[in-house]
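Asker: Chain by chain, the residues:
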Amino acid sequence: MGSRVEILNDGGFRSDGRRQYELRDMTIDLSQQGVADGSAIITHGLTQVLVSVFGPREAKMRSQTMHDRANINVEVSVAAFSTGERRKRSRGDKRILEMAATIKSTFEPVVQTSLYPRSQIDIFVQVLQQDGGLLQACINGTTLALANAGIPLLDFVCAVTGGVHSTSPMLDLTLLEENDIPHVTVAVMPKTGKVTLVTMETRLHVERFEEIFRLAGEAGKVIHAEIKGAVRERTSRLVGAMGSGPRAGGGEDDAMDEY
Amino acid sequence: MISFASFPVQPERASEYARHFPDDDDHMDLDDGDFEAGGSKITWPGETITSSQLYMRGHGTYVENEEVVASVAGTIERVNKLITVRAIRTKYNPEVGDLVVGRITEVQPRRWKVDANSRQDAVLMLSSVNLPGGVQRRKLESDELQMRNFFEEGDLLVAEVQAFFADGAMSLHTRSLKYGKLRNGQLVTIPPILVRRLKSHFITLPCGVDLILGLNGYIWFIDDSTRTAISRVANIIQVLASHFVPLTDTLLLEAYEWTVENDTDAKGLLSEDVGDALVATITARG
Numbered sequence: 001m002g003s004r005v006e007i008l009n010d011g012g013f014r015s016d017g018r019r020q021y022e023l024r025d026m027t028i029d030l031s032q033q034g035v036a037d038g039s040a041i042i043t044h045g046l047t048q049v050l051v052s053v054f055g056p057r058e059a060k061m062r063s064q065t066m067h068d069r070a071n072i073n074v075e076v077s078v079a080a081f082s083t084g085e086r087r088k089r090s091r092g093d094k095r096i097l098e099m100a101a102t103i104k105s106t107f108e109p110v111v112q113t114s115l116y117p118r119s120q121i122d123i124f125v126q127v128l129q130q131d132g133g134l135l136q137a138c139i140n141g142t143t144l145a146l147a148n149a150g151i152p153l154l155d156f157v158c159a160v161t162g163g164v165h166s167t168s169p170m171l172d173l174t175l176l177e178e179n180d181i182p183h184v185t186v187a188v189m190p191k192t193g194k195v196t197l198v199t200m201e202t203r204l205h206v207e208r209f210e211e212i213f214r215l216a217g218e219a220g221k222v223i224h225a226e227i228k229g230a231v232r233e234r235t236s237r238l239v240g241a242m243g244s245g246p247r248a249g250g251g252e253d254d255a256m257d258e259y
Numbered sequence: 001m002i003s004f005a006s007f008p009v010q011p012e013r014a015s016e017y018a019r020h021f022p023d024d025d026d027h028m029d030l031d032d033g034d035f036e037a038g039g040s041k042i043t044w045p046g047e048t049i050t051s052s053q054l055y056m057r058g059h060g061t062y063v064e065n066e067e068v069v070a071s072v073a074g075t076i077e078r079v080n081k082l083i084t085v086r087a088i089r090t091k092y093n094p095e096v097g098d099l100v101v102g103r104i105t106e107v108q109p110r111r112w113k114v115d116a117n118s119r120q121d122a123v124l125m126l127s128s129v130n131l132p133g134g135v136q137r138r139k140l141e142s143d144e145l146q147m148r149n150f151f152e153e154g155d156l157l158v159a160e161v162q163a164f165f166a167d168g169a170m171s172l173h174t175r176s177l178k179y180g181k182l183r184n185g186q187l188v189t190i191p192p193i194l195v196r197r198l199k200s201h202f203i204t205l206p207c208g209v210d211l212i213l214g215l216n217g218y219i220w221f222i223d224d225s226t227r228t229a230i231s232r233v234a235n236i237i238q239v240l241a242s243h244f245v246p247l248t249d250t251l252l253l254e255a256y257e258w259t260v261e262n263d264t265d266a267k268g269l270l271s272e273d274v275g276d277a278l279v280a281t282i283t284a285r286g
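So the sequences go chain by chain: A and B.
The opening position of the first sequence corresponds to residue 1 in the UniProt record's numbering, with each subsequent residue numbered one higher.
The opening position of the second sequence corresponds to residue 1 in the UniProt record's numbering, with each subsequent residue numbered one higher.
None of these hints come from the bench; they were simulated from the model.
There are no misleading hints in this set.
Footprint (simulated), chain B over chain A, 3 or more residues, beta carbon under 8 Å:
| hint | stretch |
| --- | --- |
| 1 | 48–62 |
| 2 | 106–119 |
| 3 | 147–156 |
| 4 | 184–198 |
| 5 | 231–237 |
Think about it this way: if two alpha-carbon atoms lie no more than 27 Å apart in a straight line, the pair counts; the simulated BS3-like pairs of lysine-lysine are:
| hint | chain 1 | residue 1 | chain 2 | residue 2 |
| --- | --- | --- | --- | --- |
| 6 | B | Lys113 | B | Lys181 |
| 7 | A | Lys60 | B | Lys113 |
| 8 | B | Lys139 | B | Lys181 |
| 9 | B | Lys267 | B | Lys181 |
| 10 | A | Lys194 | A | Lys221 |
| 11 | B | Lys81 | A | Lys191 |
| 12 | B | Lys178 | B | Lys113 |
| 13 | A | Lys60 | B | Lys181 |
| 14 | B | Lys181 | B | Lys199 |
Partial chain A-side listing against chain B, Cβ under 10 Å, derived:
| hint | residue |
| --- | --- |
| 15 | Val35 |
| 16 | Asp37 |
| 17 | His224 |
| 18 | Lys228 |
| 19 | Met242 |
For clarity, every value in this text was computed on a predicted model and none was experimentally measured.
Using N, Cα and C, we set each Cβ at its ideal position, and we do this for glycine too.
I would like the entire structure built from these sequences, with the hints used as guidance.
Answerer: Take a look at the structure:
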């Protein structure tokens with residue numbers, strides 16, 4: 001590597017060999033983790049996040065009990081080994097608290113909390129590896145964990161990060177790119193195209209915003225296909241295991257082949 | 001043009017996005033062919049199921065733009081015009097008459113709060129319990145003060161769902177000899193959907209294990225003979241060790257037989273005079 005890494009070289013490649021609009025490899029693991037009601041491990045490239053959902057369950061704090069809907073409680077913890085430099089972050093770290101608040105406000109309009117009065121839904125996000133797109137991974141992981149816990153959602157929420165290098169927009173930034181160029185995280189509900197989150201910590205030229213916003217919305221659909229596929233696969237496997245439907249029936253196998 | 005090449009771009013699957021069901025069948029049927037044939041239909045949040053003008057929405061769905069949309073991942077079920085989605089993994093949804101196993105979390109005025117794996121803690125009123133031994137409770141202030149003698153925090157109990165409160169919380173009762181506090185056993189927790197409704201949820205296996213299959217996914221095991229045997233042997237070892245008697249297999253067997261002959265339970269063994277008598281007998285024999 002030279003003294004300075006090129007964000008986008010003349011051949012149109014990024015520092016990790018991707019094209020401008022190429023997303024990183026995504027893996028999803030929906031298997032049971034401990035005693036959680038629903039959990040998911042999601043990776044976007046080298047960023048890895050484990051989300052555990054508990055609930056809806058009895059609200060333990062009286063002050064937070066709401067009589068008409070459930071309270072969503074989000075806690076984020078960042079593993080000391082998740083970054084390149086080993087660094088312990090305390091629970092009260094402002095950045096972490098802000099991220100938890102962002103995740104909470106992203107999901108409040110999506111989770112049908114009014115079905116569970118006086119209850120509480122706990123979402124515990126554990127960041128295992130960081131390489132950019134942390135918020136996007138947290139949101140996608142939370143969607144999956146909530147769906148896995150059987151909590152009613154209006155739709156999946158699919159988040160993606162977009163940035164702009166001089167005039168060329170890029171998607172799904174790595175840490176290296178995030179440190180260098182202005183970026184924005186967008187979370188969409190693909191069914192209706194509604195956007196539940198747009199967040200920006202850097203300054204972005206207003207004329208570039210629209211293009212990135214549109215691209216991120218489209219990339220959200222690609223992420224949606226991945227999320228949907230993972231949820232479908234897990235659900236059909238569990239349904240198959242329960243034998244609640246005709247097991248060897250063509251329907252299920254066809255569905256798998258289709259995916 | 002955008003390309004996302006790191007994983008294959010999937011062709012547009014129009015059939016999957018708009019999954020409309022033929023609306024020509026109007027006959028009454030519980031397990032209708034369209035929804036059930038060819039394996040149970042699986043759906044997930046945000047997936048359109050059908051038109052809301054032809055069908056009614058049930059649990060696990062919502063209506064948007066005159067379409068019934070799923071809100072949970074699971075199987076689609078239909079009863080006549082009612083469409084529901086049964087989530088594959090979810091909290092326990094109580095129904096009146098269900099047998100549940102729960103754990104006391106809180107003692108409140110005239111009621112206990114019970115964790116029964118549901119979305120809220122269940123309520124067990126003081127007026128809906130029988131006293132130990134099946135005695136009817138007399139309504140006295142004194143027993144309001146003695147509620148912890150019946151159940152205290154952490155106790156496990158088996159009960160039946162009696163009714164629901166306005167906010168959906170369930171009310172339990174233990175007004176039967178079958179129900180009440182659970183002791184001396186082990187609790188195992190599984191997803192509630194895996195417990196099928198049976199004629200009886202009190203099961204005795206041929207190997208001598210009694211189980212209570214709570215519909216809320218809490219399962220209680222009681223194996224009386226094995227458990228007493230284990231605790232007897234454990235206490236015999238304690239007693240022998242406290243008298244500094246070396247252990248042999250024959251000695252243990254003799255001691256065990258002595259406790260059975262003398263009808264001494266495991267707890268009784270720990271009292272000093274019983275222990276002394278035991279040691280005196282078996283060392284004399286040896």
